[in-house]
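2 protein chains.
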Amino acid sequence: MQRRPEIRVGIDIMGSDSSPELLLQAANALAPTLPSSVKLVAIGHPRLQPTTRLPYQSASETIEMDDSPLSAIRRKKDSSLCVGLRMLREKELDAFVSAGNTGALVSYAKMSLSMLPGIMRPALLALLPTKKKPVAVLDVGANLQCKSGHLIQFAQIGAAYQLARGIKTPSVGLLNIGSEALKGTSELRGAYHELSRLSQERGAFFSFAGNIEGKSVFDGNVDVLVTDGFSGNVFLKTAEGLANLILDRINENFSGEEALHMRGHLQDLQRHLHYAEYPGALLCGVKGIVIKCHGYSSPEAFSSGICEAVRLADEGFIQILQDKLVKKKP
Amino acid sequence: MQRRPEIRVGIDIMGSDSSPELLLQAANALAPTLPSSVKLVAIGHPRLQPTTRLPYQSASETIEMDDSPLSAIRRKKDSSLCVGLRMLREKELDAFVSAGNTGALVSYAKMSLSMLPGIMRPALLALLPTKKKPVAVLDVGANLQCKSGHLIQFAQIGAAYQLARGIKTPSVGLLNIGSEALKGTSELRGAYHELSRLSQERGAFFSFAGNIEGKSVFDGNVDVLVTDGFSGNVFLKTAEGLANLILDRINENFSGEEALHMRGHLQDLQRHLHYAEYPGALLCGVKGIVIKCHGYSSPEAFSSGICEAVRLADEGFIQILQDKLVKKKP
Numbered sequence: 165m166q167r168r169p170e171i172r173v174g175i176d177i178m179g180s181d182s183s184p185e186l187l188l189q190a191a192n193a194l195a196p197t198l199p200s201s202v203k204l205v206a207i208g209h210p211r212l213q214p215t216t217r218l219p220y221q222s223a224s225e226t227i228e229m230d231d232s233p234l235s236a237i238r239r240k241k242d243s244s245l246c247v248g249l250r251m252l253r254e255k256e257l258d259a260f261v262s263a264g265n266t267g268a269l270v271s272y273a274k275m276s277l278s279m280l281p282g283i284m285r286p287a288l289l290a291l292l293p294t295k296k297k298p299v300a301v302l303d304v305g306a307n308l309q310c311k312s313g314h315l316i317q318f319a320q321i322g323a324a325y326q327l328a329r330g331i332k333t334p335s336v337g338l339l340n341i342g343s344e345a346l347k348g349t350s351e352l353r354g355a356y357h358e359l360s361r362l363s364q365e366r367g368a369f370f371s372f373a374g375n376i377e378g379k380s381v382f383d384g385n386v387d388v389l390v391t392d393g394f395s396g397n398v399f400l401k402t403a404e405g406l407a408n409l410i411l412d413r414i415n416e417n418f419s420g421e422e423a424l425h426m427r428g429h430l431q432d433l434q435r436h437l438h439y440a441e442y443p444g445a446l447l448c449g450v451k452g453i454v455i456k457c458h459g460y461s462s463p464e465a466f467s468s469g470i471c472e473a474v475r476l477a478d479e480g481f482i483q484i485l486q487d488k489l490v491k492k493k494p
Numbered sequence: 165m166q167r168r169p170e171i172r173v174g175i176d177i178m179g180s181d182s183s184p185e186l187l188l189q190a191a192n193a194l195a196p197t198l199p200s201s202v203k204l205v206a207i208g209h210p211r212l213q214p215t216t217r218l219p220y221q222s223a224s225e226t227i228e229m230d231d232s233p234l235s236a237i238r239r240k241k242d243s244s245l246c247v248g249l250r251m252l253r254e255k256e257l258d259a260f261v262s263a264g265n266t267g268a269l270v271s272y273a274k275m276s277l278s279m280l281p282g283i284m285r286p287a288l289l290a291l292l293p294t295k296k297k298p299v300a301v302l303d304v305g306a307n308l309q310c311k312s313g314h315l316i317q318f319a320q321i322g323a324a325y326q327l328a329r330g331i332k333t334p335s336v337g338l339l340n341i342g343s344e345a346l347k348g349t350s351e352l353r354g355a356y357h358e359l360s361r362l363s364q365e366r367g368a369f370f371s372f373a374g375n376i377e378g379k380s381v382f383d384g385n386v387d388v389l390v391t392d393g394f395s396g397n398v399f400l401k402t403a404e405g406l407a408n409l410i411l412d413r414i415n416e417n418f419s420g421e422e423a424l425h426m427r428g429h430l431q432d433l434q435r436h437l438h439y440a441e442y443p444g445a446l447l448c449g450v451k452g453i454v455i456k457c458h459g460y461s462s463p464e465a466f467s468s469g470i471c472e473a474v475r476l477a478d479e480g481f482i483q484i485l486q487d488k489l490v491k492k493k494p
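These protein sequence lines map, in sequence, to chains U and F. The numbering used here applies: residue 165 is where the first sequence begins, and numbers increase by one. The numbering used here applies: residue 165 is where the second sequence begins, and numbers increase by one.
Read the hints as simulated data drawn from the structure, not as lab findings. Careful: at least some of the hints might be erroneous.
[As the list claims (entries may be wrong)] Computed spacing ranges between beta-carbons, pair by pair:
no.	chain 1	residue 1	chain 2	residue 2	range
1	F	H425	U	M284	45 to 55 Å
2	F	S360	U	E228	14 to 24 Å
3	U	D230	F	E365	46 to 56 Å
4	U	K295	F	S232	32 to 42 Å
5	F	Q189	U	E416	31 to 41 Å
6	U	T333	F	Q364	53 to 63 Å
7	F	D478	U	T333	50 to 60 Å
8	F	E365	U	D432	40 to 50 Å
[Unchecked claim] Partial pick of chain U residues on the chain F-facing surface, computed with a CB cut under 8 Å:
no.	residue
9	V398
10	K401
11	G405
12	L409
13	G420
14	M426
15	L430
16	L433
Cβ coordinates follow ideal geometry from the N, Cα and C atoms, glycine included.
Chain U extracted, bound-state conformation:
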């Protein structure tokens, strides 16, 4: 993909825990600060169109947070979420940002967009801070249960993502409850075996660091952490919760100047742990840039998700990812 003269990012303002008005206001405020080549397209209920000067795509239906994903995408074809993904497929958009129902977003993206070569299921990827360089964690919530084959594809796509970020031969680890090869479920043991084999093939584009425990992830010795969506989500939210607990302890027990600085430092760390909210998780595996912001995104977090979508579209991220995946064998 060449650098496009115009970048069109679709903004789903409906169906999140934040009000559509709030998300639309965030987009309204952000738009004038972006380069003139970037066009934000708000997608939402017709009644909201008069409150914005942004290009607007009406969508008469809304998928709610507590809708069952599969029945929602069948019944609500004219929802903002479905309309936006179809516009992405038809190249009317270069990227799409939503803070709506995760299950519906994942399922309809899989159904409406093509998949990247060799990838069967989309996964949500979040980039998290460690003691060294950031680690790409996937899946953080798209697939509750995964077979070995899915985990192996997540490893490949996570490695391609880190390659695209400029990391040479990214190292991949499997989130597990011990480091020994026999630890964990049969799916994890199968993935361990196959990733060992793949990483030793000639021309392999990633190395395999074996099983990684939750406590070691933050040491920063792997570039990609592979996990099923349930454990990945527990991992992400536990880290966030603990950062919160520690901030709370500091607030309660310390009040001097150093504590103030430290608080700032930890709040920054915490914000990076909120990656799923800030700038959002990348739905990867599909041919299209889809950013999933958290359901209760603040206007800042939502804006940050939009900026991340602009950045990825601008660098032609999907094409890069696709090239890495196609070239993965010599």
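Given the coordinates of chain U, assemble chain F onto it according to the supplied hints.
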């Protein structure tokens, strides 16, 4: 169980990542500091007997960390782990402490000891700090995959544990990736439904707080967090890893007096997050006090596990637990 005139605690010195010599030294050093009514019984290879004055039970075999649990407990009946659990069954011991192979310990405990009323599978329970009172998390690693029925039993045993600690009508939460009743796997949805029902029965001994995300656990609004052993282990180790990351950041960026105090404070928090190591996780569900220390336990952590075993034996913990479970219906 009346307070016993003598409390005998079996100490498995073999099969951990720490050397048997180190663990035996820890027990040697601890013994003289305990009340005279407490007798520590070291269980290990005959060659080590000359290095201790503690009562000693020889066990000719050792289950190693990387042994397959089920074949190990079949083949190595004279291992310290199996010998100790049989002594507990025969009431030659009042409690047993091991830092050995978790899978072998769980499987042989289930096989050799009776189960508490209504409980089918043992679970590892760790007590973790929150913003308010400590939360009992189970399972943190005994059962990788769980059916709804197992999760419900973990809820009951966790609630009985907290009742025994003096908490009236403990509140129980399910670790999940969202708060809505429909979130998560079918096992979690089944457990959600049944726990809702049980908690509304007349005479229910716990309340049900629904699904809890990893980020909310540390707010301290539930007394018991129920999870399968894989997710529970990820939860525990992620919390530990993040505390580590934050300590590291503080060490790197701050050096004043306040940072020093804060470091002390956080190290203390971190030590409590190491509950699985310090004082160890309680293997609950079986009729017998079994403490599982972490495989790479320091002498201090191992000693702390022994002290916890003494405390539980002294208060007649199993009898209390059993009474709560039997009386759970009116």
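These are the hints, each one checked on the structure:
Look at H425/F against M284/U: about 52 Å separates their beta carbons, and that is inside 45 to 55 Å. The hint said 14 to 24 Å for the Cβ distance between S360/F and E228/U, and at roughly 22 Å that hint holds. Taking the beta carbon of each, D230/U and E365/F are about 27 Å apart, not inside 46 to 56 Å as hinted. Between K295/U and S232/F the Cβ separation comes to about 34 Å, which falls inside the hinted range of 32 to 42 Å.
The given range of 31 to 41 Å is respected by Q189/F and E416/U, whose C-beta atoms sit roughly 39 Å from each other. At about 56 Å, the beta-carbon gap between T333/U and Q364/F stays in the expected band of 53 to 63 Å. The hint said 50 to 60 Å for the Cβ distance between D478/F and T333/U, and at roughly 56 Å that hint holds. At roughly 48 Å, the beta-carbon separation of E365/F and D432/U lies within the given 40 to 50 Å, and the hint holds.
For V398/U, the interface hint holds, since its Cβ comes within 8 Å of a Cβ in chain F; the closest pair sits about 5 Å apart. Satisfaction of the interface hint for K401/U is found here, the shortest Cβ-Cβ separation to chain F being roughly 3 Å, below the 8 Å cut-off. For G405/U, the shortest C-beta to C-beta distance to chain F is roughly 4 Å, which falls under 8 Å, so the interface hint holds. Look at L409/U: its Cβ gets to within about 4 Å of chain F, closer than 8 Å, so that hint holds up.
Nearest Cβ of chain F to the Cβ of G420/U: about 5 Å, under the 8 Å cut. The hint holds. Annotation: M426/U was flagged as interfacial toward chain F, and the flag holds, the nearest CB pair being 6 Å apart, inside 8 Å. Checking L430/U against chain F by beta carbon gives a least distance of about 7 Å; that is within 8 Å, so the hint holds. Because the closest C-beta pair between L433/U and chain F is about 6 Å apart, less than 8 Å, the hint holds.
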